[in-house]
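There are 2 protein chains.
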Amino acid sequence: MSLLVVGSVAFDDLTTPFGRREHALGGSATYFSLSASRFHPVRIVAVVGDDFGPEQLRVFDHRPIDLKGLSKVKGLSFHWKGEYGYDLNEAKTLATDLNVFADFRPVLPAGYKESEYLFLGNIDPVLQLEVVRQMTTRPKWIALDTMNYWIRGARPALEAVLSEVDILLVNDAEVRELTQDNSLIKAYRKVQAMGPRILVVKRGEYGVAIFTPEGIFAAPAYPLEDVFDPTGAGDTFAGGFLGYLAWMERMDVTALKHATLVGSVMASFTVEQFSTERLEQISQDEVRNRLSLFSDMIRVEDL
Amino acid sequence: MSLLVVGSVAFDDLTTPFGRREHALGGSATYFSLSASRFHPVRIVAVVGDDFGPEQLRVFDHRPIDLKGLSKVKGLSFHWKGEYGYDLNEAKTLATDLNVFADFRPVLPAGYKESEYLFLGNIDPVLQLEVVRQMTTRPKWIALDTMNYWIRGARPALEAVLSEVDILLVNDAEVRELTQDNSLIKAYRKVQAMGPRILVVKRGEYGVAIFTPEGIFAAPAYPLEDVFDPTGAGDTFAGGFLGYLAWMERMDVTALKHATLVGSVMASFTVEQFSTERLEQISQDEVRNRLSLFSDMIRVEDL
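Protein chains in written order, with the working numbering: chain U, 29 to 331; chain Z, 29 to 331.
Isolated chain U, as found in the complex (with noise of 0.2 Å):
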C-alpha cells in the first residue's frame, strides 16, 4: 500500500524579492512526499551526497515516508541555485550542479517493486523508463513530470516511458511543446495517443486544467495575499493531487476534481516561504480549513 516517488532530493540557493536561503532543502522527491504522505504512504528513490546529513533527514521523521530507497553516496548533493524577480511566475537558473546525481541510476529495493502506485517526477525520461522496468507488478496508476529540456533533447526515450503513464502533469508551454498544438484541447488528444488517458496542465498562479476522457475541469489557484518562494509549487501540488488519489483508491471525475483542490491548497502553503519552512508545519486543521475557504470560493450556485 504505497505511493512510490522517484525525483531529486536536493540543496537550493534561492533568492525572491523578498529574501534570500543557502542551502535550503529543495527537489522533486521532497516536495512530492512532503506533501503526498498527509494523505498516503509514500517510498522515496533518489540518491543525496554525504553533505546530506541527519539535520535534512529529520523532516522526513514521523511521517510516512519510506526512506530505503534513499542512496547516500560519496559527494555532493544534487544542487540549484535561482532567483526570481517580482513576477514570481518564472525562475531564472543560475547553476544547475547534477554532482551525485550525474551517475544516478534508480535501483528499486525489493520491497518497492510491487508498489500500488508510481509517481515520476522530472529526471531523465532514460532514467524514468528504468524504474517502470524494474516494477513486477504493473502499478494501479503511472504518474510522470516532464520539462522541455527532456522533450527536446530525449524525445525517443520520452515517448517510450509515456506509452506506459496514465497521468501526465506538465505546464502550458511543456504540453504544447510535446505536442506542438496550440490549443489544450487537441494536445490532449496527442498526449492520448501516446498513453496517457489523464492530462494536468500546471498553470501556476492562473490554477490548474485537467483533461479526462469525461470531461475537462479547471480550477484557480488558491490566492494568497503573499508568495515567498515558489519554488516546489509544482511537486508539492503533484503531491497533494496524486497522494489524494491513491487514498481515495478512485480516479472518476469527482475524485480527480477534489484531488485538484487538495493540491492546489498544499502548494499556496509551499509557496508561503521558503523552500520546505512552511509545507513542515502545517496542520491536518489548517489543510482542512484551506480546503473548504477555496472549495465555497470556486462554489457557483446552479444558474
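Hints are computed from structural coordinates only; laboratory data are not their basis.
Do not take every clue at face value.
The list makes no distinction among identical chains, and a pair is therefore deemed to hold if it is satisfied within one copy or across any two copies.
The list that follows gives simulated cross-link-like pairs (lysine to any residue, SDA-like), each with its CA atoms no further than 25 Å apart [stated by the list, open to error]:
| # | residue 1 | residue 2 |
| --- | --- | --- |
| 1 | Lys141 | Arg204 |
| 2 | Lys214 | Thr43 |
| 3 | Lys218 | Glu300 |
| 4 | Lys120 | Glu205 |
Model the placement of chain Z on the given structure of chain U, informed by the hints.
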C-alpha cells in the same frame, strides 16, 4: 432602463495564424453592445466616419441597441491593424489610426443622461470623466475599462474618474501597473482605496478573477477546441458580465459569479470567428447550452 456604453466603433485589419480580415467591424462599444444587448437594452455613445455606412450599421439592427448617441462625422473611422502569433495571448499592434476619434468629445443625447447603468470603455480617462459629469442622475453602477497607456500617461485623470467608479475591469498586468503591487489581493485593497469596490481581472485564456468586499471568485475560461481571433474578447466579456448584472438588478456575490460565467461564455463565441462574425449569429439556445456545459465543468461536489 438602459445600459449606456461609451467606447469605440471601428474598423480592424486582423491577421492570425488562421487567416486575415481587412476592414472588419471592431471597437470596444461594438463588441460590448452586441454582447450586453442579449441581456439588457444598450445605448451607444461613439463616433464613426463617413466610411461607416448602412452595411456596417445593419449588425445593430433588430437588437435593443440605441444608436442615437453614435455620431457620424466627415473623415475616416478609427482603424486598428493587429497581428497575433500562435500563442494568441498578445496582439502585436501594427497601426492605430485614430482618425475621427482624435477629436471625439462624447456628448450624451438628452435621454441618455438618466441611464441606469454606465460602462466607460477603454478611452482617454478625460473623456470618461466628461461622460460621468454629463449624467444628471447617478447611475446605479459605473464600470470602467482602461489600459497601460492611460495608467502611465493620464494618471491624474484616471484617478479622478476611478473615484466615481464601482467596477473596474482590467487585466493582470494593468492592475499590477496601476497599483504597483504584484499580489492581486493587495492590489485589490489599493483599487478599493481609489474608488471601485469590485475588481474584475481578465486573464485571457486563464479566465477571470473577481474581487469583492464579500470575497474572491475565480473561473477558468470556457475551453475551446480552436481560437481563431481573440480580438474583442475582453469587451465581449464586459458586455455579457455587465449586461447580465443590469438584467438581474443585483450585485451580490452569486450574481457576480453568474455574470462571470455569462461573460466568459459570450467571449468564447467571439473568439471562434473573426471580428463579430460569430457574436452576431449565436442563438439564445447556444448561449444557454454553453452556460450549462460550463457550469457542469467547474462544479465541484462537496468534499
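Exercise. Which hint numbers doesn't this structure obey?
Worked result: 1
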